[in-house]
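Participant: Listed here are the chains, written in short residue letters.
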Amino acid sequence: DSGVTQTPKHLITATGQRVTLRCSPRSGDLSVYWYQQSLDQGLQFLIQYYNGEERAKGNILERFSAQQFPDLHSELNLSSLELGDSALYFCASSVGIGTSTGELFFGEGSRLTVL
Amino acid sequence: EDQVTQSPEALRLQEGESSSLNCSYTVSGLRGLFWYRQDPGKGPEFLFTLYSAGEEKEKERLKATLTKKESFLHITAPKPEDSATYLCAVRGYGGSQGNLIFGKGTKLSVKP
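In the order they appear, the protein sequences are chains U and X.
FYI, the numbering for the first sequence is 4 to 118, going by the numbering used here.
FYI, the numbering for the second sequence is 103 to 214, going by the numbering used here.
If you're looking for bench data, these hints aren't it; they were derived computationally from the structure.
Computed from a prediction, not measured in an experiment: that's the story for all the values here.
Among the clues, some could well be false.
[Unchecked claim] Result set (DSBU-like, lysine-lysine): computed pairs, CA atoms no more than 35 Å apart in a straight line:
| # | chain 1 | residue 1 | chain 2 | residue 2 |
| --- | --- | --- | --- | --- |
| 1 | U | Lys12 | X | Lys209 |
| 2 | U | Lys12 | X | Lys165 |
| 3 | U | Lys60 | X | Lys181 |
| 4 | X | Lys206 | U | Lys12 |
| 5 | X | Lys181 | U | Lys12 |
| 6 | X | Lys161 | U | Lys12 |
| 7 | X | Lys161 | U | Lys60 |
| 8 | U | Lys12 | X | Lys144 |
[As the list claims (entries may be wrong)] Sample of chain U residues facing chain X (criterion: CB under 10 Å; computed from the structure):
| # | residue |
| --- | --- |
| 9 | Gln47 |
| 10 | Gln51 |
| 11 | Asn54 |
| 12 | Lys60 |
C-beta: ideal position from N, C-alpha, C; glycine also.
All chains, please: the whole structure from these sequences, using the hints.
Facilitator: In structure tokens form, the structure reads like this:
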């Protein structure tokens, strides 16, 4: 158990809809990262927050947004969903802004299926 | 653009049959190369960090090595419980801080 909690574990929705994925980082971790994993693309970095502030942005679509709240939990909002958004969405956390050791603690993911 | 390529995509071994997984990378100044293990339905789990060419790290039956252009994950006398997808990632000076670039992974199956 990594200590990172993600909900929901599974989500099935229709095209055009909006969903919110939730992540609680490990106790004491200030950074939260969101990754998307699909069969053809592998793990793709979406966005990072550190102590409530956006820190780094990767391949995140404009239809997607995220935030980190004062209690350090984070939410990833996906809107106007398309079939291609079906994927596993992982949240990870680390203590600092970046991690010199590369050690991120990943949750078990939220599997999104768009029909 | 920072890039990571892993080979082979899949590898089947018999228990006890040693082998190596490859991770080739291009990065604008390497800050670190990382290996993760991912079991089905789970998130990736950190294994090793390597910082410079010539460095080696070991953990049980796994040994990771690093050159200027690639890394190898050597698996000695594997057991069925070593079956998983092994992911390689890099972080460079050119990318955003915290932005690990992952390869697509090598899916390892070890048969008893």
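Participant: Work down the list of hints and note, for each, if the structure agrees.
Facilitator: Right, here's what the structure says about each hint:
1. U:Lys12 with X:Lys209: Distance ~23 Å between Lys12 (chain U) and Lys209 (chain X) Cα, so the pair holds.
2. U:Lys12 with X:Lys165: Within the cut-off at roughly 33 Å; holds.
3. U:Lys60 with X:Lys181: Outside the cut-off at roughly 39 Å; violated.
4. X:Lys206 with U:Lys12: At roughly 22 Å apart (the allowed maximum being 35 Å), Lys12 (chain U) and Lys206 (chain X) satisfy the hint.
5. X:Lys181 with U:Lys12: The hint holds at about 30 Å.
6. X:Lys161 with U:Lys12: holds, 31 Å
7. X:Lys161 with U:Lys60: Since the Cα atoms of Lys161 (chain X) and Lys60 (chain U) sit roughly 33 Å apart, the hinted pair holds (cutoff 35 Å).
8. U:Lys12 with X:Lys144: holds, 11 Å
9. Gln47: holds, 8 Å
10. Gln51: At about 5 Å, which falls below the 10 Å cut-off, the nearest Cβ of chain X leaves the hint on Gln51 (chain U) intact, so it holds.
11. Asn54: violated, 13 Å
12. Lys60: holds, 7 Å
Hints 3 and 11 from the list above are not met by this structure, while the remaining hints are.
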